[in-house]
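J.: If you're matching them up, the sequences are chains A and B in order. Anchor point for the first sequence: position 98 equals 98 in full-length UniProt numbering, and the numbering is continuous, going up by one each time. Anchor point for the second sequence: position 232 equals 232 in full-length UniProt numbering, and the numbering is continuous, going up by one each time.
It cannot be assumed that every hint is accurate.
Derived pair list, reagent style DSS-like, types lysine-lysine, alpha-carbon separation capped at 25 Å [as the list claims (entries may be wrong)]:
1) LYS11(A) - LYS22(A)
2) LYS245(A) - LYS131(A)
3) LYS22(A) - LYS174(B)
4) LYS64(A) - LYS20(A)
5) LYS11(B) - LYS22(B)
6) LYS64(A) - LYS46(A)
7) LYS174(B) - LYS131(B)
8) LYS174(B) - LYS174(A)
9) LYS123(B) - LYS20(A)
10) LYS22(A) - LYS148(B)
11) LYS174(A) - LYS34(B)
12) LYS34(B) - LYS11(B)
13) LYS148(A) - LYS245(A)
14) LYS123(B) - LYS123(A)
15) LYS20(A) - LYS123(A)
16) LYS131(B) - LYS55(B)
17) LYS11(A) - LYS34(A)
18) LYS131(A) - LYS148(A)
19) LYS22(B) - LYS140(A)
20) LYS22(A) - LYS34(B)
21) LYS148(A) - LYS22(B)
22) LYS123(A) - LYS22(B)
23) LYS11(A) - LYS123(B)
24) LYS131(B) - LYS123(A)
25) LYS148(B) - LYS34(A)
26) LYS174(B) - LYS140(A)
27) LYS174(B) - LYS34(A)
28) LYS64(B) - LYS131(B)
29) LYS22(B) - LYS123(B)
30) LYS34(B) - LYS148(A)
31) LYS11(B) - LYS123(A)
32) LYS123(A) - LYS11(A)
33) LYS22(A) - LYS34(A)
34) LYS64(B) - LYS123(A)
35) LYS140(A) - LYS174(A)
36) LYS46(A) - LYS34(A)
These are computed hints drawn from the structure, not numbers from a lab. Keep in mind the model is a prediction, meaning the values are calculated, not measured.
There are 2 protein chains.
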Amino acid sequence: MNQLAIIEEVKGWVYEAGEKIKASFDDQLEIDTKSGRTDLVTDMDKATQDFLIEKIMAFDPSAKILGEENGQDHLQDVSGRVFIIDPIDGTMNFVLEQENFCIMLALYEDGVSQLGFVYNVMKDEFLYGGKETGVFCNGKPVTPPVNKSLSEGLVGMNQVMFQRNDWHTQEIGKIAMGVRMTGCAGYELIDLSLGRRVAYISRLAPWDYAPGGVLIEALGLTMSTIDGRALGLEEREIFLAGTQKAYDECLEIANS
Amino acid sequence: MNQLAIIEEVKGWVYEAGEKIKASFDDQLEIDTKSGRTDLVTDMDKATQDFLIEKIMAFDPSAKILGEENGQDHLQDVSGRVFIIDPIDGTMNFVLEQENFCIMLALYEDGVSQLGFVYNVMKDEFLYGGKETGVFCNGKPVTPPVNKSLSEGLVGMNQVMFQRNDWHTQEIGKIAMGVRMTGCAGYELIDLSLGRRVAYISRLAPWDYAPGGVLIEALGLTMSTIDGRALGLEEREIFLAGTQKAYDECLEIANS
Numbered sequence: 001m002n003q004l005a006i007i008e009e010v011k012g013w014v015y016e017a018g019e020k021i022k023a024s025f026d027d028q029l030e031i032d033t034k035s036g037r038t039d040l041v042t043d044m045d046k047a048t049q050d051f052l053i054e055k056i057m058a059f060d061p062s063a064k065i066l067g068e069e070n071g072q073d074h075l076q077d078v079s080g081r082v083f084i085i086d087p088i089d090g091t092m093n094f095v096l097e098q099e100n101f102c103i104m105l106a107l108y109e110d111g112v113s114q115l116g117f118v119y120n121v122m123k124d125e126f127l128y129g130g131k132e133t134g135v136f137c138n139g140k141p142v143t144p145p146v147n148k149s150l151s152e153g154l155v156g157m158n159q160v161m162f163q164r165n166d167w168h169t170q171e172i173g174k175i176a177m178g179v180r181m182t183g184c185a186g187y188e189l190i191d192l193s194l195g196r197r198v199a200y201i202s203r204l205a206p207w208d209y210a211p212g213g214v215l216i217e218a219l220g221l222t223m224s225t226i227d228g229r230a231l232g233l234e235e236r237e238i239f240l241a242g243t244q245k246a247y248d249e250c251l252e253i254a255n256s
Numbered sequence: 001m002n003q004l005a006i007i008e009e010v011k012g013w014v015y016e017a018g019e020k021i022k023a024s025f026d027d028q029l030e031i032d033t034k035s036g037r038t039d040l041v042t043d044m045d046k047a048t049q050d051f052l053i054e055k056i057m058a059f060d061p062s063a064k065i066l067g068e069e070n071g072q073d074h075l076q077d078v079s080g081r082v083f084i085i086d087p088i089d090g091t092m093n094f095v096l097e098q099e100n101f102c103i104m105l106a107l108y109e110d111g112v113s114q115l116g117f118v119y120n121v122m123k124d125e126f127l128y129g130g131k132e133t134g135v136f137c138n139g140k141p142v143t144p145p146v147n148k149s150l151s152e153g154l155v156g157m158n159q160v161m162f163q164r165n166d167w168h169t170q171e172i173g174k175i176a177m178g179v180r181m182t183g184c185a186g187y188e189l190i191d192l193s194l195g196r197r198v199a200y201i202s203r204l205a206p207w208d209y210a211p212g213g214v215l216i217e218a219l220g221l222t223m224s225t226i227d228g229r230a231l232g233l234e235e236r237e238i239f240l241a242g243t244q245k246a247y248d249e250c251l252e253i254a255n256s
């Protein structure tokens, strides 16, 4: 099956999951906390992940799953086809804003990224694709963004890191045209893909960065850990992505 | 002329201005700086203000204007009918994101706020109204938001203030469920009106806070300077707004 056919298949799942999430706004959400007071999970996060896994298993029963919810957050073996799922990225926004959240999937094969899908449900902004196919936004090809320097653009930032000035993030923010905090990695990686940001720095799990990461790398943008190491799929990392110029500047400042 | 008729009149101007701004995306913007590198103004800010003033003058030649651009940023005398205009609130976003900016107007009479209009152009989210008429979002009445405490919601914050921990803003951010930075006062005051925020703190000019301020006060939310003084229309102020509970908490922490 070629990648364009896989894209069409996965897009169908994601749109269907988006409709289910929108329909749930009339229902009472069940909200739990995970690692702390502000780390939320709802019954819709779990139900959306279950729905996507069901679709994946029907599509390819041999595929492996790495997902944020339901205890599927570790994989021993990344050989073969692996789907990485964040059913609702930006759960806090989902609960408190009912917008600015994304459904996200990445497809890896033998540890190599193939396709990414990031759908901002309420904005109806859906980016998908990969290196082979190119990246599309709602069906239209995305042009690789201009290689702007840090001082020419906006930087998406993690609140806690910025507040504590971890990795000189305040210095980075001062050089940029401004700092934005949206509380949603998918939102930030879409904005980076479309040239609305020049960089993004946050602490992210593989399901937060892998789907958007496929897109930004296919568009000629760069990402790594904040100290310049390649990103694995094992654990949370301090994540840095940007245009090549802004990435280089951030890397130098962060590690100075 | 009753307020509902004025609302219909002004809505027409704002939608027309929004169409002109959207049409301008194909043209090359002329961008200048004002007070500093990140304080931008474009030819579209100026053209939009001129367009709105033309409409106001045709509607009421005796009306006074207070507007961000073109040297109309001070008024000696606020008697009679005063229109306060921010033609493009969030100019940085307009330039770098081509979204997350608002067209805003407020109508005051003899120094008393009457009507507010805040239009997020690209999201097509338009809030307008006042104490007498109630507040509407795209034609539907807005329900006053729940009186949540600070720990139950998101806080919109100014980047520089948060970075420097001015007025204990970092402490406020830690108590909240999260901090958001959008770079657009109109965006924040719409979100406050619709219950997506519990508080908002920034340094704002009258044209930044007056239009949204009319809306939030009509919805039972509270605003003042960060040290609890009433907001005038004279100068930039450190602005605090929120649900009554979150406002009280922020005021106490900021002044502790």
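J.: Look at each hint and say if it fits the structure.
T.: Verification of the supplied hints:
no., hint, in the structure
1, LYS11(A) - LYS22(A), "holds (16 Å)"
2, LYS245(A) - LYS131(A), "holds (21 Å)"
3, LYS22(A) - LYS174(B), "violated (30 Å)"
4, LYS64(A) - LYS20(A), "holds (24 Å)"
5, LYS11(B) - LYS22(B), "holds (16 Å)"
6, LYS64(A) - LYS46(A), "holds (18 Å)"
7, LYS174(B) - LYS131(B), "violated (33 Å)"
8, LYS174(B) - LYS174(A), "holds (22 Å)"
9, LYS123(B) - LYS20(A), "holds (22 Å)"
10, LYS22(A) - LYS148(B), "holds (24 Å)"
11, LYS174(A) - LYS34(B), "holds (18 Å)"
12, LYS34(B) - LYS11(B), "violated (29 Å)"
13, LYS148(A) - LYS245(A), "holds (6 Å)"
14, LYS123(B) - LYS123(A), "holds (8 Å)"
15, LYS20(A) - LYS123(A), "holds (15 Å)"
16, LYS131(B) - LYS55(B), "holds (24 Å)"
17, LYS11(A) - LYS34(A), "violated (29 Å)"
18, LYS131(A) - LYS148(A), "holds (21 Å)"
19, LYS22(B) - LYS140(A), "holds (19 Å)"
20, LYS22(A) - LYS34(B), "violated (43 Å)"
21, LYS148(A) - LYS22(B), "holds (24 Å)"
22, LYS123(A) - LYS22(B), "holds (17 Å)"
23, LYS11(A) - LYS123(B), "holds (23 Å)"
24, LYS131(B) - LYS123(A), "violated (30 Å)"
25, LYS148(B) - LYS34(A), "holds (22 Å)"
26, LYS174(B) - LYS140(A), "violated (41 Å)"
27, LYS174(B) - LYS34(A), "holds (18 Å)"
28, LYS64(B) - LYS131(B), "holds (22 Å)"
29, LYS22(B) - LYS123(B), "holds (12 Å)"
30, LYS34(B) - LYS148(A), "holds (22 Å)"
31, LYS11(B) - LYS123(A), "holds (23 Å)"
32, LYS123(A) - LYS11(A), "holds (16 Å)"
33, LYS22(A) - LYS34(A), "holds (23 Å)"
34, LYS64(B) - LYS123(A), "violated (38 Å)"
35, LYS140(A) - LYS174(A), "violated (34 Å)"
36, LYS46(A) - LYS34(A), "holds (13 Å)"
The structure shown violates the earlier hints numbered 3, 7, 12, 17, 20, 24, 26, 34 and 35.
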